[in-house]
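Respectively, the protein sequence lines represent chains A and B. Position 69, counted from 1, in the first sequence is what this note's numbering calls 342; the numbers after and before it change by one each time, with no gaps. Position 150, counted from 1, in the second sequence is what this note's numbering calls 423; the numbers after and before it change by one each time, with no gaps.
Any given hint could turn out to be false.
It does not matter which identical chain is used: a pair holds within one copy or between any two.
[What the hints assert, rightly or not] Taking lysine-lysine and the DSS-like style, the derived pairs with C-alpha atoms no more than 27 Å apart in a straight line are:
1. K316 to K458
2. K446 to K368
3. K436 to K385
4. K376 to K320
5. K414 to K463
6. K354 to K463
7. K294 to K384
8. K294 to K414
9. K294 to K385
If you're looking for bench data, these hints aren't it; they were derived computationally from the structure.
Number of protein chains: 2
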Amino acid sequence: MNVLEERILCDGVVRPNNILKVDSFLNHQIDPMLIGQLAVELKEYFKDENITKVLTIEASGIALGILVAQQFNVPLLFAKKAKSANVDADLYTSKVKSYTYNKDYSMIVSKKYIHEEDTVLIVDDFLAEGNAAYGLIDIAKQAGAKIAGIGIAIEKGFQEGGKRLREDGYDLKSLSIIESLEDNKILFRK
Amino acid sequence: MNVLEERILCDGVVRPNNILKVDSFLNHQIDPMLIGQLAVELKEYFKDENITKVLTIEASGIALGILVAQQFNVPLLFAKKAKSANVDADLYTSKVKSYTYNKDYSMIVSKKYIHEEDTVLIVDDFLAEGNAAYGLIDIAKQAGAKIAGIGIAIEKGFQEGGKRLREDGYDLKSLSIIESLEDNKILFRK
Numbered sequence: 274m275n276v277l278e279e280r281i282l283c284d285g286v287v288r289p290n291n292i293l294k295v296d297s298f299l300n301h302q303i304d305p306m307l308i309g310q311l312a313v314e315l316k317e318y319f320k321d322e323n324i325t326k327v328l329t330i331e332a333s334g335i336a337l338g339i340l341v342a343q344q345f346n347v348p349l350l351f352a353k354k355a356k357s358a359n360v361d362a363d364l365y366t367s368k369v370k371s372y373t374y375n376k377d378y379s380m381i382v383s384k385k386y387i388h389e390e391d392t393v394l395i396v397d398d399f400l401a402e403g404n405a406a407y408g409l410i411d412i413a414k415q416a417g418a419k420i421a422g423i424g425i426a427i428e429k430g431f432q433e434g435g436k437r438l439r440e441d442g443y444d445l446k447s448l449s450i451i452e453s454l455e456d457n458k459i460l461f462r463k
Numbered sequence: 274m275n276v277l278e279e280r281i282l283c284d285g286v287v288r289p290n291n292i293l294k295v296d297s298f299l300n301h302q303i304d305p306m307l308i309g310q311l312a313v314e315l316k317e318y319f320k321d322e323n324i325t326k327v328l329t330i331e332a333s334g335i336a337l338g339i340l341v342a343q344q345f346n347v348p349l350l351f352a353k354k355a356k357s358a359n360v361d362a363d364l365y366t367s368k369v370k371s372y373t374y375n376k377d378y379s380m381i382v383s384k385k386y387i388h389e390e391d392t393v394l395i396v397d398d399f400l401a402e403g404n405a406a407y408g409l410i411d412i413a414k415q416a417g418a419k420i421a422g423i424g425i426a427i428e429k430g431f432q433e434g435g436k437r438l439r440e441d442g443y444d445l446k447s448l449s450i451i452e453s454l455e456d457n458k459i460l461f462r463k
């Protein structure tokens, strides 16, 4: 069991409908030492990929994103959420279905900051259905950038995102994979 | 001239209505090395204050916030923006007027993560009218926490936030203060 899994067992709270609350250390209150360790692990995994940019989405992806970017000594670029689909020649946009909030939004990224010369590492705190990850992939593809892989803190292995991404050939590194939250018990994938 | 001021002169873009765009290094694309240096400066300034928690607001405060929290080895807590004023016994809420977007929002923080034993350092990327800062102050006060001070990357010195905060007796450390953006020229306060 790794440091993140131990922390999830210790401080994570299971709620109905397969919700795992980790807002004491990951996405409301954030433990910088823990996230720093996760960033080091992602650096180690993707160290040979010549990453030029870390790409994430606001808000809770930013903390892990900036620490990963620091490890690689490259900029962090975070997509912003917009209610309506901005049509703007200066922006890449992608439509995303949100599992948590059960409604759609658009993510937007300025065209100035991602290019076909970039090799992008996509980072986020959670992976469930993979909708945010596929939105970021869509944006990187629109820019013609190379996608080195996807680094995730917590993957909900019983939802489809991880499976889809692996089947589509992406190099997905999830630092913890929840196999099940049934009966309020947190089980990790071996 | 410090490293942040040099960067603002080099990469900042002045737009009509006193808008300073710094989204190439501060609040869309983010330079982790620069933000890391700012975090070290805020640590140095507030090092004797026994900070127990760094408090900021999503989204662009999070990058500076997590690096400052790392310096102090304390948690980062970020307030979330909500469209409506949630009335929830588990949340502190404060109403905020947004200068940038010209509409009101509520910021919310879980009562679980801020207490009267806390000594809080409030951190944000920008200070203009001070509305976000006063919202965070309001939340810290509701929790009975001590406010050690406020650390800001860029203060727009020609708006009222900095003046109000200093007159109200807060220890405000702005790492750069823009005196004027008139005629598209960036002037810093000496």
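Verification of the hints:
1. Proximity of K316 and K458 under a CA criterion of 27 Å is satisfied in neither setting, with 31 Å inside one chain copy and 40 Å between copies.
2. Taking the shortest alpha-carbon separations for K446 and K368, only the intra-copy value of 24 Å comes in at or below 27 Å, while the best inter-copy value is 39 Å.
3. For the identical chains of this complex, K436 and K385 are neighbours neither inside a copy (32 Å) nor across copies (35 Å), given an alpha-carbon limit of 27 Å.
4. Taking the shortest alpha-carbon separations for K376 and K320, neither the intra-copy value of 36 Å nor the inter-copy value of 43 Å comes in at or below 27 Å.
5. In this homomeric assembly, K414 and K463 never come within 27 Å of each other (Cα to Cα): the closest approach is 32 Å inside a single copy and 45 Å across copies.
6. In this assembly of identical chains, the alpha carbons of K354 and K463 never lie at most 27 Å apart, being 34 Å within a copy and 37 Å across copies at closest.
7. For the identical chains of this complex, K294 and K384 are inter-copy neighbours only, at 15 Å across copies versus 34 Å inside a copy, given an alpha-carbon limit of 27 Å.
8. Within a single copy, K294 and K414 get their C-alpha atoms only as close as 32 Å, which misses the 27 Å cut-off; across copies the closest is 26 Å, which meets it.
9. Taking the shortest Cα distances, K294 and K385 sit within 27 Å of each other only across copies (13 Å), while inside one copy they are farther apart (36 Å).
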